[in-house]
Amino acid sequence: MNAVVFVDLMGTFVFAISGALAAANKRFDFMGVCIIAFVTALGGGTLRDVLIGAKPVGWMENKWYLITVLIGVLITFVFYKRLQHLRKTFFLFDAVGLGIFSIAGLEKALSYGIEPTYALLCAMITATMGGMIRDVLCNEIPLIFRKEIYATAGLIGASFYLLLNYLGLPIEFNFAFTILVVIVVRVFAVKWNIGLPKIQVD
Amino acid sequence: MNAVVFVDLMGTFVFAISGALAAANKRFDFMGVCIIAFVTALGGGTLRDVLIGAKPVGWMENKWYLITVLIGVLITFVFYKRLQHLRKTFFLFDAVGLGIFSIAGLEKALSYGIEPTYALLCAMITATMGGMIRDVLCNEIPLIFRKEIYATAGLIGASFYLLLNYLGLPIEFNFAFTILVVIVVRVFAVKWNIGLPKIQVD
Amino acid sequence: MNAVVFVDLMGTFVFAISGALAAANKRFDFMGVCIIAFVTALGGGTLRDVLIGAKPVGWMENKWYLITVLIGVLITFVFYKRLQHLRKTFFLFDAVGLGIFSIAGLEKALSYGIEPTYALLCAMITATMGGMIRDVLCNEIPLIFRKEIYATAGLIGASFYLLLNYLGLPIEFNFAFTILVVIVVRVFAVKWNIGLPKIQVD
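Residue numbers (this note's numbering), protein chains in the order written: chain W, 1 to 202; chain F, 1 to 202; chain B, 1 to 202.
These are computed hints drawn from the structure, not numbers from a lab.
Warning: the hint list may mix true and false statements.
[Claimed, not checked] Derived coverage of chain F by chain W (criterion: at least 3 residues anywhere in the stretch with Cβ under 8 Å from a Cβ of chain W; other residues may be distant): (1) 45 to 55; (2) 114 to 120; (3) 134 to 142; (4) 176 to 188.
[What the hints assert, rightly or not] Label-pair distances were calculated between CB atoms; the ranges are: (5) B/116 / F/79: 30 to 40 Å; (6) F/167 / B/62: 48 to 58 Å; (7) F/86 / B/71: 27 to 37 Å; (8) B/187 / F/201: 46 to 56 Å; (9) B/84 / W/167: 54 to 64 Å; (10) W/113 / B/140: 29 to 39 Å; (11) F/2 / B/166: 26 to 36 Å; (12) B/117 / W/139: 32 to 42 Å; (13) B/27 / F/173: 55 to 65 Å.
Even glycine gets a Cβ: it sits at the ideal position worked out from N, Cα and C.
Please model the complete structure; the sequences and the hints are all you need to start from.
Here is the structure:
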């Protein structure tokens with residue numbers, strides 16, 4: 001397993017737990033929790049693969065994706081109560097996952113000959129659509145439509161990564177710097193409650 | 001029309017009626033009922049085809065799929081009240097449909113060179129995602145996330161079928177035995193109210 | 001930019017504003033409004049492309065699709081209140097968009113070798129599924145399941161267009177006539193409150 005797949009699996013793990021927690025709060029059974037965890041972790045990448053015409057979809061090419069989702073579900077089953085007390089840790093993990101999936105989505109789209117503009121959209125789709133589908137399946141209005149700078153943080157991160165690669169910097173540096181940018185954007189957005197502008201309805 | 005397509009159409013018919021009934025209960029108009037019946041019956045197979053890269057999707061290759069859905073809708077329109085009294089018959093039909101679609105999904109995935117593990121997932125997707133999309137479109141939380149052993153029954157059936165084929169038994173026997181397994185699992189799950197474990201939330 | 005793309009962009013523009021207005025009414029932020037506008041305008045065509053196996057999806061082949069959606073969003077941001085007073089204009093625009101997307105969906109499906117029956121379904125999918133996904137993401141039951149003759153108007157328009165082309169009439173005439181048919185059907189359906197039959201539930 002190379003480094004790229006390893007960090008992608010880290011993102012998968014974080015989002016699988018996020019999905020499993022949401023499903024547990026809705027009192028879904030084991031199968032329901034598995035489906036929601038799967039969709040949250042792999043739904044964004046699946047949508048990207050379908051849009052760019054990658055076939056079969058990415059998670060069918062490496063068993064570790066399924067195994068990672070299953071581990072995330074089992075950990076949520078066993079440690080549900082303790083996970084409730086780790087909100088701050090989770091927030092950080094989630095930001096890391098957001099950054100990882102943005103980069104992974106960008107790289108895969110570029111490797112399929114997709115132009116940079118669309119590849120940036122693919123980055124955002126990879127990082128946020130899993131969570132969006134999770135919310136739809138749980139019959140909630142997707143968080144990303146209202147949440148403090150979230151999809152935008154992924155887009156900013158992916159843009160930085162693209163720029164740094166274009167400048168010819170070493171990829172390890174670009175990767176670490178991008179994740180840092182996403183974390184910083186998320187931390188400040190939440191800390192200072194910064195949101196994007198809304199249309200004045202009233 | 002060969003035997004495989006015929007049984008697949010039986011599954012399509014059962015699920016189309018199930019979708020049409022759900023849409024009727026939501027007071028959708030004729031077009032709405034058609035769309036929900038179509039999605040319930042053919043949505044799971046469509047998702048599977050998109051994931052494995054089959055193109056175009058299966059229901060575009062044989063007119064009988066559309067015709068069968070339309071017949072299911074018309075029957076629901078004409079016999080709506082009588083269908084309400086056939087709950088037990090329907091339960092059985094639904095279990096048969098679940099088994100048929102699991103096998104059909106498994107076979108199609110394998111025929112596209114998908115590995116057995118993923119083919120089993122494709123079986124489950126074929127059999128259950130149509131109903132899941134139906135529930136999402138009706139603005140309900142999908143039943144399969146909470147229902148007594150349902151998606152799991154499809155997965156158990158598909159696993160049996162895969163095992164029996166591996167053992168080299170005649171395919172007619174495997175088919176019949178798998179459907180029987182799915183029916184038995186469903187009947188016992190509902191009769192004894194057996195569900196999968198849930199996460200202890202409180 | 002040729003004439004076909006230009007009219008397709010007109011449809012995109014109308015549906016992007018329709019999506020942006022729906023998102024604004026739900027108090028989504030700028031990113032949420034962009035996502036809903038994008039999905040409403042391009043979701044139907046994307047689904048069609050995925051079903052017929054066009055890759056990558058259409059909006060990745062011409063930057064003007066994204067730009068048009070963005071212009072629609074910006075106009076909604078700036079002129080939100082004035083747009084509220086243009087309901088009648090919008091109703092007309094929406095009918096034009098419905099007609100344009102039906103024709104565009106039909107043409108693209110036929111150009112991929114899809115049979116006429118399925119191409120008609122692709123026309124309806126192109127014209128209505130974007131709005132359906134918009135409603136699902138906004139956690140509403142899709143309008144098209146209950147609305148006066150809407151998806152049906154698109155289907156009627158596409159059928160006319162197919163017939164006129166078959167008769168060998170000049171394409172500009174067929175296009176204009178089809179749009180007119182869709183507008184007429186919509187106007188009369190709404191004016192006289194004509195709906196499709198529903199199943200008698202009680």
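(request) Could you check the structure against the hints above and give me the numbers of any it violates, in ascending order? (result) 4, 7 and 9
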